[in-house]
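Peer 1: Residues per chain, in single letters:
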Amino acid sequence: ELKVEQNPLFLSMQEGKNYTIYCNYSTTSDRLYWYRQDPGKSLESLFVLLSNGAVKQEGRLMASLDTKARLSTLHITAAVHDLSATYFCAVAGYQFYFGTGTSLTVIP
Amino acid sequence: SAVISQKPSRDICQRGTSLTIQCQVDSQVTMMFWYRQQPGQSLTLIATANQGSEATYESGFVIDKFPISRPNLTFSTLTVSNMSPEDSSIYLCSVGTGPREKLFFGSGTQLSVL
Numbered sequence: 327e328l329k330v331e332q333n334p335l336f337l338s339m340q341e342g343k344n345y346t347i348y349c350n351y352s353t354t355s356d357r358l359y360w361y362r363q364d365p366g367k368s369l370e371s372l373f374v375l376l377s378n379g380a381v382k383q384e385g386r387l388m389a390s391l392d393t394k395a396r397l398s399t400l401h402i403t404a405a406v407h408d409l410s411a412t413y414f415c416a417v418a419g420y421q422f423y424f425g426t427g428t429s430l431t432v433i434p
Numbered sequence: 020s021a022v023i024s025q026k027p028s029r030d031i032c033q034r035g036t037s038l039t040i041q042c043q044v045d046s047q048v049t050m051m052f053w054y055r056q057q058p059g060q061s062l063t064l065i066a067t068a069n070q071g072s073e074a075t076y077e078s079g080f081v082i083d084k085f086p087i088s089r090p091n092l093t094f095s096t097l098t099v100s101n102m103s104p105e106d107s108s109i110y111l112c113s114v115g116t117g118p119r120e121k122l123f124f125g126s127g128t129q130l131s132v133l
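Protein sequences appear in the order of chains H and B.
Heads up: the first sequence begins at 327 in my numbering, then just goes up one per residue.
Heads up: the second sequence begins at 20 in my numbering, then just goes up one per residue.
So that you can see chain H by itself, here it is in the shape it has in the complex (with noise of 0.2 Å):
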């Protein structure tokens, strides 16, 4: 079974900051989802990478893949309030494997 686990699990940053979320995976997989949920709504799809190498942006948040490696990032630039949530990844295969989620705390 794919596992994917994301790190960290918990985080707190200052607005302003910089800051990334890893996701690793398991096993070969050349489609990634970035997901976003807000305490007690559903899930939000942010972006999504389908090859080696796929870089996208949105605001302050940037996901990229790395196949080989079996990893992707999501990089935060100068985080603000709104962006506090919980983000996961999830790898497309048989089917979505989710990762452990970060949940993300931006403080004033």
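Just so you know, the hints here were simulated from the structure itself, not pulled from any lab data.
Please read all numbers here as calculations on a predicted model, not as lab measurements.
Positions of the beta carbon are idealized from the N, C-alpha and C atoms, including for glycine.
Misleading hints may appear alongside valid ones.
Lysine-lysine pairs mimicking DSSO-like chemistry, simulated, CA-CA at most 27 Å apart [stated by the list, open to error]: (1) B:121 <-> H:329; (2) H:382 <-> H:329; (3) H:343 <-> B:84; (4) H:329 <-> B:84; (5) H:343 <-> H:382; (6) B:121 <-> H:394; (7) H:382 <-> H:367; (8) H:394 <-> H:367; (9) H:394 <-> H:329; (10) B:26 <-> H:367; (11) H:382 <-> H:394; (12) B:26 <-> H:382; (13) B:121 <-> B:26; (14) H:367 <-> B:121; (15) B:84 <-> B:26; (16) H:367 <-> H:343.
Anything over 10 Å on all C-beta distances counts as not near chain B; from chain H, calculated [what the hints assert, rightly or not]: (17) 333; (18) 393; (19) 396.
We have chain H already, so just place chain B on it with the hints.
Peer 2: Frame of chain H, contents of chain B only:
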């Protein structure tokens, strides 16, 4: 994209009872899934709802506990049967437009079992 209506949004139920969750999609979709998200945890796939045939359950989930119906390409229900406090979770309906394509999620049903 797909707009998914899921209800109820939350419920508090007594041990031993059953709850049926409904999922309505605004367009026909081939792939519909049910996930469970236990408190503070990630998402676990319960089953794939197949139109016109029995659902396909993942390891650890059985039809007697989680019966699923999918009468057409826009609607599905998940029943949580004979509930216990361990069933307290968020249950999410999800649809996909094709294999490995982006999943769209319903708003979720937050279930608490006393």
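Peer 1: All hints are to be evaluated individually against the structure, with a verdict given for each.
Peer 2: Taking the hints in turn, this is what the structure says about them:
1. B:121 <-> H:329: Between residue 121 of chain B and residue 329 of chain H the Cα gap is close to 19 Å, so the pair holds against 27 Å.
2. H:382 <-> H:329: The hint holds at about 23 Å.
3. H:343 <-> B:84: violated, 47 Å
4. H:329 <-> B:84: Holds, because 26 Å separates the two Cα atoms, which is no more than 27 Å.
5. H:343 <-> H:382: Roughly 20 Å between the alpha carbons, so the hint for residue 343 of chain H and residue 382 of chain H holds.
6. B:121 <-> H:394: Measuring from Cα to Cα gives roughly 22 Å; hence the hint holds.
7. H:382 <-> H:367: holds, 24 Å
8. H:394 <-> H:367: violated, 34 Å
9. H:394 <-> H:329: holds, 16 Å
10. B:26 <-> H:367: Given pair residue 26 of chain B, residue 367 of chain H holds - Cα atoms ~13 Å apart, limit 27 Å.
11. H:382 <-> H:394: holds, 18 Å
12. B:26 <-> H:382: violated, 34 Å
13. B:121 <-> B:26: holds, 22 Å
14. H:367 <-> B:121: holds, 18 Å
15. B:84 <-> B:26: Holds, at about 19 Å.
16. H:367 <-> H:343: Given pair residue 367 of chain H, residue 343 of chain H holds - Cα atoms ~26 Å apart, limit 27 Å.
17. 333: holds, 13 Å
18. 393: holds, 14 Å
19. 396: holds, 16 Å
Hints 3, 8, 12, counting from the list given before, are not met by this structure.
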